[in-house]
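Peer 1: Chain F is fixed; fit chains A and U onto it per the hints.
So you can see what is in the structure, the chains are spelled out below.
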Amino acid sequence: MTKTWTLEEIAQRVGATLRGEGDHVIDGLAPLTRAQANQLSFLANSLYLPALTTTHAGAVLLRPEDAAGFQGRALIVGNPYAAYAQVSHYFDRTPKGETGIHPQACVSASSQIDPTASVAAFVTVADGAVIGPGSVIEAGAFVGARVQIGKDCRIRANAVVHHDCVLGDRVTIHSGAVIGDDGFGFAPSEGRWNKIAQIGRVILHDDVDIGSGTTVDRGALDDTLIHEGVIIDNLVHIGHNVEIGAHTAIAGCCGISGSTKLGAHCVLAGGVGLVGHIEVCDNVQITGMSMITKSITKPGSYSSGMAFERTENWRKSAVRVRGLDEMARRLRELETIVKQLTSPQ
Amino acid sequence: MTKTWTLEEIAQRVGATLRGEGDHVIDGLAPLTRAQANQLSFLANSLYLPALTTTHAGAVLLRPEDAAGFQGRALIVGNPYAAYAQVSHYFDRTPKGETGIHPQACVSASSQIDPTASVAAFVTVADGAVIGPGSVIEAGAFVGARVQIGKDCRIRANAVVHHDCVLGDRVTIHSGAVIGDDGFGFAPSEGRWNKIAQIGRVILHDDVDIGSGTTVDRGALDDTLIHEGVIIDNLVHIGHNVEIGAHTAIAGCCGISGSTKLGAHCVLAGGVGLVGHIEVCDNVQITGMSMITKSITKPGSYSSGMAFERTENWRKSAVRVRGLDEMARRLRELETIVKQLTSPQ
Amino acid sequence: MTKTWTLEEIAQRVGATLRGEGDHVIDGLAPLTRAQANQLSFLANSLYLPALTTTHAGAVLLRPEDAAGFQGRALIVGNPYAAYAQVSHYFDRTPKGETGIHPQACVSASSQIDPTASVAAFVTVADGAVIGPGSVIEAGAFVGARVQIGKDCRIRANAVVHHDCVLGDRVTIHSGAVIGDDGFGFAPSEGRWNKIAQIGRVILHDDVDIGSGTTVDRGALDDTLIHEGVIIDNLVHIGHNVEIGAHTAIAGCCGISGSTKLGAHCVLAGGVGLVGHIEVCDNVQITGMSMITKSITKPGSYSSGMAFERTENWRKSAVRVRGLDEMARRLRELETIVKQLTSPQ
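Those sequence lines, one after another, are chains F, A and U.
The numbering used here applies: residue 1 is where the first sequence begins, and numbers increase by one.
The numbering used here applies: residue 1 is where the second sequence begins, and numbers increase by one.
The numbering used here applies: residue 1 is where the third sequence begins, and numbers increase by one.
Only chain F is shown next, with the shape it has when bound in the complex (with noise of 0.2 Å):
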């Protein structure tokens, strides 16, 4: 069922200089320790060396500095990370949606679905909303009024898009994600909340993929904007108004809070929380679980939280942060005393 390529048809499609058998045959993709002969593994980082001398790989993909010590059949090319994302989608098994509209979708007359679309089953396209050539739709997506989703688009199954948003081209937006939805806009009046419409819309632009159940708000009166090659990982949230620089990248369980803008080449680790109304410049990093409580203005790593330790341990250290302003007001204390007991009288 797989199709199968030789080593000089990789070598091609990926710009390698080839060394070994090119008509060697790989049906797979396997890491270096498990991989068989009748696969094709990689090795990016040197770390990984020792590796190299036991694997029973059919051949891999390696830097000229790598390739030196290796005995096997080589792939060899500058950036093997990079050629190894491009091979694996050779052998990627997710099916590709059968073009035009299933007998079982509902789809409005109004919208206009390009020919070369696919629109699997339950999938509703709502008055108004346009898909573009080689978009795929997958069963029980939602497409709102006046979406418009561009070309080689893939919205997941049971994945939302919600009227007006604007999706570029080549945007995924993995199963279960919203896009959309309304933003936490609510104006306090005599002890309620009063439900603020949010008439701003999501853009999505160009080559931007949204996490399995990832939310990603509408603005209140302006957009929510994502700009292109930005990736957000699962689980993440997007307030209104939040706009993201391009080819940043969001890891799984983050929240950013409604008006915030985060530059572009950013990179978030996992469960990070950004308040709202801040800027963050381009090229931060920020470290796991940290909260961002205000504007960064010049690029680097940042962090917050604590190192974890026994919880017995941790119980002391935890209460002794509580006391800490007193503890700093005692030594300051101590300083004063004993710099007196030290001075010539």
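If you are wondering where the hints come from, they were derived from the structure by calculation, not from laboratory data.
Yeah, the Cβ is synthetic: ideal placement off N, Cα and C, and Gly gets one too.
It cannot be assumed that every hint is accurate.
Said to hold, decoys possible - Below are the BS3-like pairs computed for lysine-lysine, each with C-alpha atoms no more than 30 Å apart in a straight line: (1) A:339 with F:294; (2) F:339 with A:298; (3) F:294 with U:316; (4) U:316 with A:339; (5) U:316 with A:298; (6) U:316 with U:261.
As the list claims (entries may be wrong) - Reference listing, derived: stretches of chain A covered by chain U, where coverage requires no fewer than 3 residues with Cβ under 8 Å from a Cβ of chain U: (7) 26-35; (8) 49-63; (9) 69-82; (10) 120-133; (11) 323-331.
Peer 2: What follows is chains A and U alone, placed relative to chain F:
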């Protein structure tokens, strides 16, 4: 397509004093900095007063005290933010839902659906469910057996409400939210977890708003209770048998563990966690990403978590926290010694 | 509608010693404080002993040592909580699912669905999928190509299981959960993120329970593995190539990053984060909202995070934490000086 409004019409509806041409036509809303002559804006916070002098807005909702220095058309009102909340709905393009039952829905013969309600394609309404007047069930939503939904509720695309849950009037469940799935109840026995059937329900009182991707578990024996006017943002987890008091607001990514009672008029910022079986009184505010491990009996603001800093500095601080108990001991020893040194012999 | 039970029937089924009338009829369960004569209750924790003296319960499941002081009807058993877990299912009103394939489902001709299984409306069962005896696929769920589902599984409304994933017997996937969507794998190259096809699967062994809104990503090359009897609460993120040992319990809002191995019989409280590529041994407990940044090789309880306090006090402590390294240095200096002062000249 969008309806237009004259300033006079808007002034009447929000109870504002109009200053300027009552026949000026408005077809949208925008922030002060971006608004054009055809748009209405608002000033809710005196911090943004400078923007008043340069705005091109067709008119501005503002307080009497802020109107003095403004030359343009004004709608003068005591609470401009609440007035903006009201007006925002006039420009909301969220589809209203077509009255009646879509032919591609699956509706049990034993359910009762008000003729003014809307049931979209791919919606399941199970045996014995009741849907009240004006309620809208969007595409792909699931309404379980014997669920009761009041009037003017909205169950958004692909949301789920499981069997026997009860929704009051004007309740909104956003996309991907799950109401009344099983609580996390298992009895340990001989190294295994034995599932406990969750036979309680979820009761959502009037005007509750549940964010997208949020999960509210049904009770184990008693019901999970969310009182009137509670608003909950996205990706929040509410455990079984939790009770949340009226008009409390919970921001995104919070988690409330089983059997905890949260009071009325509380505000939880994003990412807050409450352990199980505690009680938090009315009028408590909790700042972002705090963990609340004990009951709170006095109104006020509570926090935990650490300030963020450069990762290189944070590493040092985080390690020091572990040594805090020992530092405290050493400080105490020094104090004793210094006291002896300074006390009269 | 609900079946009723005599105390004798229940005693026989849970292996309890009955004290009192065996023909007393029970039609429900309730906590001690609320139970009436027609309801059964239980005492699992001696903390609640006082409630025994005032309860109106028709009968109580309790341990021999607690039965002595109780006058009412008793079902005496070694593990009352496990007995309650068993009895709870007799009063469960969760619909069982109708046997057979609903006419509004979309089932591939190449799938194999056992005649005793239930497939509801708006379910997709894709090419080559296999669904075993007694399994129930609720409305709107998605079963991808070549997915294997064992016997007596339950895929709840709007849950998703993507292609090639494997479920053992008695596996439950709650609503909105997503199994086998892509892991967060991208190769950086020239400032862009290149998608790596995720060609591994997710394997869920027997008796695994996955909470609503939880996401379990498929492996990049190898499979993501969740072993027998693991229970996972709501809104948990399990990254690609994670492995979780048998009978481990994970509470809501946790995140486990890619390639991390978590042992058997562990318990993670809510909101815990594990970084990627670490190993946690068997029998580890982690308290709420802790971040685990390194492998753990010894069983026991681990924690991080700070105790909460009044925000005004917390602000002072949080700032002091940043200055901890300097405080430690000053303390050391003082110690040196004081030592000199007190040492014999």
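Peer 1: Taking the hints in turn, state whether each one holds.
Peer 2: Going down the list of hints, with the structure as the test:
For the proposed pair residue 339 of chain A and residue 294 of chain F, the alpha carbon gap of about 42 Å is over 30 Å, so the pair is violated. At most 30 Å may separate the alpha-carbon atoms for a hinted pair to count; residue 339 of chain F and residue 298 of chain A exceed this at roughly 43 Å. This hinted pair checks out: residue 294 of chain F and residue 316 of chain U have alpha carbons roughly 17 Å apart, not beyond 30 Å. Distance restraint check for residue 316 of chain U and residue 339 of chain A: the Cα-Cα separation of roughly 27 Å lies within the 30 Å cut-off, and the hinted pair is therefore satisfied.
A C-alpha spacing of about 20 Å is found between residue 316 of chain U and residue 298 of chain A, which places the hinted pair at or below 30 Å, so the restraint holds. Taking the CA atoms of residue 316 of chain U and residue 261 of chain U, the gap is about 38 Å. The hint is violated against a cut of 30 Å. Check result for the stretch 26-35 of chain A against chain U: violated, 0 residues qualifying (beta carbon to beta carbon below 8 Å, three or more required). Chain U is given as covering the stretch 49-63 of chain A, and this is violated because 0 residues of the stretch bring a CB closer than 8 Å to a CB of that chain, at least three being needed.
With 0 residues having a Cβ less than 8 Å from any Cβ of chain U, the stretch 69-82 of chain A misses the three-residue criterion, and the hint is violated. Look at the stretch 120-133 of chain A against chain U: 4 of its residues bring a Cβ nearer than 8 Å to a Cβ of that chain, three or more, so the hint holds. For the stretch 323-331 of chain A, the stated coverage by chain U is satisfied: 5 residues place a CB nearer than 8 Å to a CB of that chain, which reaches the threshold of 3.
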